[in-house]
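Q: My numbering applies: residue 3 is where the sequence shown begins, and numbers increase by one.
Incorrect hints may appear among the rest.
Claimed, not checked - Ranges between beta-carbon positions, derived for each pair:
id, residue 1, residue 2, range
1, G60, P103, 16 to 22 Å
2, G86, G60, 34 to 40 Å
3, R93, V127, 36 to 42 Å
4, A7, F155, 36 to 42 Å
5, E147, V11, 28 to 34 Å
6, L19, G97, 22 to 28 Å
7, M29, D148, 17 to 23 Å
8, L153, V8, 18 to 24 Å
9, D120, E99, 30 to 36 Å
10, P88, G18, 18 to 24 Å
11, L153, G16, 29 to 35 Å
12, D17, P88, 44 to 50 Å
13, E98, G30, 32 to 38 Å
14, V11, A75, 17 to 23 Å
Hints were generated in silico from the structure; no laboratory data involved. Computed from a prediction, not measured in an experiment: that's the story for all the values here. Ideal placement from N, C-alpha and C gives every residue a C-beta, glycine not left out.
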Amino acid sequence: MERPAVQTVTFPSGDGLEVTADLYRGMGPESPTVLLFHQSQSSRGEFARIAPRLQALGYNALAVDLRWGAAHAGVTNHTAARNGTPGLIPRIESGEERPWPIIDASYDDMVAALRWLDAEGYTGVRFALGSSFSAMLVYRLGAEEDLGGVLAFSPAEYDEDRPSLVRSW
Numbered sequence: 003m004e005r006p007a008v009q010t011v012t013f014p015s016g017d018g019l020e021v022t023a024d025l026y027r028g029m030g031p032e033s034p035t036v037l038l039f040h041q042s043q044s045s046r047g048e049f050a051r052i053a054p055r056l057q058a059l060g061y062n063a064l065a066v067d068l069r070w071g072a073a074h075a076g077v078t079n080h081t082a083a084r085n086g087t088p089g090l091i092p093r094i095e096s097g098e099e100r101p102w103p104i105i106d107a108s109y110d111d112m113v114a115a116l117r118w119l120d121a122e123g124y125t126g127v128r129f130a131l132g133s134s135f136s137a138m139l140v141y142r143l144g145a146e147e148d149l150g151g152v153l154a155f156s157p158a159e160y161d162e163d164r165p166s167l168v169r170s171w
């Protein structure tokens, strides 16, 4: 039986939060895999047009809902919903709370995606693509994990309390 072109999967993050992702299967588990991490207050829906193109080129693509997110392009960020993030966004935007605990924990969601690929037998070289806050975090992922490379779109030192965070990785 042929597998679907895209399959929604779930796996636990380091703290037990269930992470949702869309898996676009390429030529097989031994093919390269691109992990796709969305920008601030977004979802895996951000990659609904990019992931099929990667898939057509033979890459596996895993578009991950990180806990620092919200709906995007009509796609609910289920990880953020489970985390309660949408309810915290108004408090963060008003300055009552800071986003950094959620952003920092999003890194654990990224690592969990790598561990899920391991458990599912994906052995090809891996690349991590990040956008905005996740672009910052893919630098850490590249420093701490076995990746073939990182693609960072609009990375910055976003945390004014830790102005050299990215450089420390």
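Q: Look at each hint and say if it fits the structure.
A: Outcome of the hint check:
1. Taking the beta carbon of each, G60 and P103 are about 38 Å apart, not inside 16 to 22 Å as hinted.
2. Evaluation of the 34 to 40 Å hint for G86 and G60 yields a pass: the beta carbon distance comes to about 38 Å.
3. Separated by about 41 Å at the C-beta atoms, R93 and V127 satisfy the suggested range of 36 to 42 Å.
4. One distance hint, 36 to 42 Å for the beta-carbon pair A7 and F155, is violated here, with the actual separation near 25 Å.
5. Against the hinted window of 28 to 34 Å, the Cβ-Cβ separation of E147 and V11 comes to about 19 Å, which falls outside the hint.
6. Distance hint check: the CB atoms of L19 and G97 are about 25 Å apart, consistent with the given range 22 to 28 Å.
7. The hinted window of 17 to 23 Å between M29 and D148 holds, with their beta carbons roughly 21 Å apart.
8. The beta-carbon spacing between L153 and V8, approximately 21 Å, falls within the hinted interval of 18 to 24 Å.
9. The beta-carbon spacing between D120 and E99, approximately 34 Å, falls within the hinted interval of 30 to 36 Å.
10. A beta carbon spacing of about 20 Å between P88 and G18 agrees with the range 18 to 24 Å that was offered as a hint.
11. Between L153 and G16 the CB atoms are about 24 Å apart, so this pair departs from the stated range of 29 to 35 Å.
12. Checked against the hint of 44 to 50 Å, the C-beta distance between D17 and P88 comes to roughly 19 Å, which is inconsistent with it.
13. Taken as a hint, the range 32 to 38 Å is violated for the pair E98 and G30, whose Cβ atoms sit roughly 48 Å apart.
14. Look at V11 against A75: about 19 Å separates their beta carbons, and that is inside 17 to 23 Å.
Of the numbered hints given earlier, the model fails hints 1, 4, 5, 11, 12, 13; all others are met.
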